[in-house]
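Visitor: Take each chain as given, in its own frame, and dock them per the hints.
So the sequence lines, in the order shown, correspond to chains Y and S. Just so you know, we're using the working numbering here: the first sequence kicks off at 1 and counts up by one. Just so you know, we're using the working numbering here: the second sequence kicks off at 1001 and counts up by one.
Read the hints as simulated data drawn from the structure, not as lab findings. No residue lacks a Cβ here, since even glycine has one placed at the ideal position from N, Cα and C. The reader is advised that the hints may include incorrect statements.
As the list claims (entries may be wrong) - Within a straight-line C-alpha distance of at most 27 Å, the following computed DSSO-like cross-link-like pairs (lysine-lysine) qualify: (1) S:Lys1002 with Y:Lys157; (2) Y:Lys250 with Y:Lys271; (3) Y:Lys331 with Y:Lys276; (4) S:Lys1062 with S:Lys1002; (5) S:Lys1002 with Y:Lys18; (6) Y:Lys2 with Y:Lys18; (7) Y:Lys39 with S:Lys1002; (8) S:Lys1025 with S:Lys1062; (9) Y:Lys363 with Y:Lys328.
As the list claims (entries may be wrong) - Away from chain S, derived, C-beta distances all over 10 Å, residues of chain Y: (10) Asn25; (11) Glu46; (12) Asn77; (13) Ile125; (14) Asp153; (15) Val162; (16) Val178; (17) His270; (18) Ala272; (19) Trp358.
Okay, here's what each chain looks like letter by letter:
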Amino acid sequence: MKLVGIVGSIAEDSYNRKLMTFIANRFNNLADIEVVSIKDVPMFSEDNDQTNGMAVQYLKHRIENADGVIMATPEHNHTTTAALKSTIEWLSYKIHPLEDKPVLIVGASYFTQGSSRAQLDLREILEAPGVNALVMPGNEFLLGNVRDAFDEDGNLKDGGTVNRLANLLEKFSKWVNVLKALKGPEPADAYKNEDLTASGKTDTTIEGVKPGDPDWVEKAAKITNAASGKDYVKLDAGVLTVDQINWFLKSIPAELTYVDDNNQFLYYNHKAPASKMFASRTPQQPGSPMSVVHPDVRNVHDHVKQVVHTLRTGKTDLFQLAEPVDKKNVKWVVNNYQAIHDDENVYRGINEIVFDFWPVVKKYLEMTGQKLVDDPNSKVDANANASAKEETSTKPVAEPVAADTEASASSTEEETSTTPAPVSQAPATQAPAMDASASASEDAPEEPEVDTDASASK
Amino acid sequence: MKHYIGIAGTNRQGSTNRRLLQFIKEHFADEAEIELMDIGGLPVFYKTPDRSVPERVTEMAKKIDASDGVIISTPEYDHGVPAVLMNALEWLSYGIHPFADKPVMITGASYGMLGTSRAQLMLRQMLDSPELSARIMPSSEYMVGHSLQAFDEEGHLKEDALIARLDGLFEDFATFVDVNKNLVYDREHVMQDIRNSDLKNDL
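Isolated chain S (complex conformation) (with noise of 0.2 Å):
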């Protein structure tokens, strides 16, 4: 079985992106593990002299790098990625990187129609930075729009159509998981560009 890390892009307890990883969660019980990663909480980055880290990211970029693969829920605050989100990725990847080819799912739930597209675009750019170098699955957006009313009192996705496109891309990123494995020719060159991204980081 799967063993994947789901990261909620917020840190407010009632986010519906917490709510619909929680089904995601229960919904593919049967077909992996899923363990919620709380990123609220960190300190705000900044270049540590001696290039350390919390001890909290420390078990973070373990469990990560442990896992299969992460799906990652991102809400949508003034056109782009939460700043606790972007706060966790720049800890997770500051002399540590346990996103380099990680293949990562992205989704995202909002109040609104838009649904955080650009958001998620913004996610994507960034994860697809030398310092990150996550595998993001291509052709892959997932969107909850109008979130508060999306879900019924038990937690579960309302419209059937909704979990039909879920339950499709859940089953592709299993076989991305997969295929990614044989993805190994880049890996020195990925290499290369994180310890280069190393230097950037000392801006």
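Here chain Y stands alone, though its shape is the one from the complex (with noise of 0.2 Å):
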């Protein structure tokens, strides 16, 4: 279970701040609680909307992407903290992630009665309509006199305390769990909500340049005075110019495609003119929405927000179709898309790698010694199902069968199918039969031109 513990003070020596930071460590067991700071963020503004703003989009990425919130408030003048209060009010004026979100509320102060009316306001403010949040009834935690509360170490010193607490937090993850069966599986069309025409705005988008412009490359660079040519980057494993990056990036035997958690191209490694090229690119298409790359013809749109919603909501980190193939045992060309995460394992966007398996598996079968033959228990027409994805091409196994490559490769396919799939299922007779709608699906947005086997196919 994921949390996210937001400290109600901004002050740098906090107890509430100590409080959480003490639930997050010692009740790791229970959940996995990020503790965030609401410091940077700005006072609400109505005239000054900052909710696209770092400070708030990244309140805003944690607590979507979190089960359910803690919050620890201080007590000032008989309520809670301005700090906190702003904060909320961002986060129910344009955008609302904690509509449904389940809430504890903890408070540490420095007298006896603490933070019990600030609680109670707050209580009432998650409350509000635009807020809309679930706080767990009942269940006041505070913590009071806290200066003596502490050992040097920041944990609670006195033991009833943090059984009180373990019991709180073993509720709290219960009540989680409770909500989320109330709330019952996502609807089937969730994914249609999908915004391909990238309207919104992420922490990294580009502001001043359109979308689609053909120059978007040069007027992004300009205004965001990117690094280019022999300007060196500092990346998290080594120093490299901008150059060195691009060849580095050109030299990998795939084509790799960036599009951002807002569904812009940003990027890909143009590496070859678009006739050569698998998956087609131009150079004046990054900084195009999806919705521009991909004409919206056989309901390619609704395909493409599937993927995209697949990967963003974490059903799975890999998405995987293979296209028709057409010359067997010449080609096998694959699309990979692989979620990308932040440190935080935020999503980010998704990596597009198309990539030719084909020579891998020669060269894996001319080391080895070993020969493809056809599976005789295969419900695969490879023939006829030109579109299918990965398996319906790796159903002549490599004879004797190499459990773990091929376990390991498939695991990741179970999981495109809608419903959480058990990773654990035999790769190779799993489901060919229900994947082949899906790839048809996803085959389609990427090569519209070969589409027409992909359709036929569904």
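Guide: Structure follows, in structure tokens:
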């Protein structure tokens, strides 16, 4: 279970932060609790809307990706803090990430009666229509006399208090699960909310140049004063010039495309003209919304939305589909849609990796002295189902089954079905039938010109 | 003539609470001098290690201190007092206490029907905290609902009944201010509470 811990104080030395940090460390067996700061959130102002600013977007992402939220509030002037209230106002103005989100309120204070009034107010605020959080009823936790409550290592000294907190956290995690069950499974058409026109914004969106502008790259570079050519760039495990990064990315034997979490196409490793590519791209395309890159014919947009939604919501991190097997045992091109996450595991977009696996398979057979033979038990008709996905073409299995490699390759496949599938199922025998439709839909967006087969196979 | 400070609990230029205070200022120009004080643009409150407050806050505190009373008109955001007003009150009670024993009258305007009832309750509770210790006029709720339609082009309240009620309350407030000057017994007790709450402010 993933929880976000929000501390209502922005003071450098806060007992509520101490309390939250203790909860996060002590109960990491119950939940993965990420403690976030609201220090950079500006004062709420309708005249100066900063919903799309870094600080608010940061919180939005974290809350949306969490199963629940814990808030620790001090009490100032008989109520919660302006800093926390301002944050909630941002999170209930143009965006509503707290809607239907389970929230647990705790609080620490100097005196005995502590943050009781602040907690009551916070509860009422969180239940206001624009916020619509689900605050856990009852179970008030007030930590009084905080100056004496912690030892030097930041641990709560009193065993009884720790036990009460443990009970509380356990109850809360159960409550989160109950609410999840109440909500039921995600509606089947939830994917339709994916905005392929990229009309929204994410915290990396470059403003001041129109998405779809053919000179987008030049203009965006100018606006951001982007590094280029011989400029050095510090990466997390190295330093390269921009030239070197370009050479490096082009040397990878795959077509790479970066689409961000706002569904805007930002980059591809331009190593060949469009006509020579498996999935054609032109240098005028970066900056375009996905809806423009994929013309909306034959339900393509619907299919693209399904893939993006599957990756964004974490149903799978890798979605694969194979190009039609036009020349068996000569070429086997697979489109790999790999979800991109940041260091905090927040969805940041898609890396589309288009890659011909055949040379790899061929080399493997050569080096291990094996050959491919047809599997008489396979239910897949490779010739009829031209657009089927990976299993289809793996069907000719290398005879001594290399269990490990196959398992890992196909376990990701399993998860592409919309219901959460067990990862452990046997790969080769699994689900080619139900995958066919999925892959057909996937095939369409990238290569419309070969799409006739795909839709036919549906 | 009495001298009041008027505070609109908002940083919105087009706020109808600002408009309401502007109307009060003009409507009662013969009875009281009302200075409107802007609370937008202050930094988000945090406990400065040296207990200093922004210079603007010191100026505001001086003006409040010198006034006979304060009229606060609050919008309602998320069932509560707007953060921007909470923020100003936090600064105005951090090591300084201009609201201590200060008579306060509360009004509120909102677009909808309910008219800030929850925000006003919360504001009362805040002003009653030891750090603020204001003297809030009792039994005097004043709300302007559907506030976008409530004013004419000159910024005057359209509804006579609303104006009549305001007249009554404003007169009462002047009396309340005078009566309040006689309430001296609690003074030392309040100051002690305030000193205690300054400790609390270290949290």
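Visitor: Find the hints from earlier in the document that the structure breaks and name them by number, from lowest to highest.
Guide: 1, 5, 7, 11, 12 and 13
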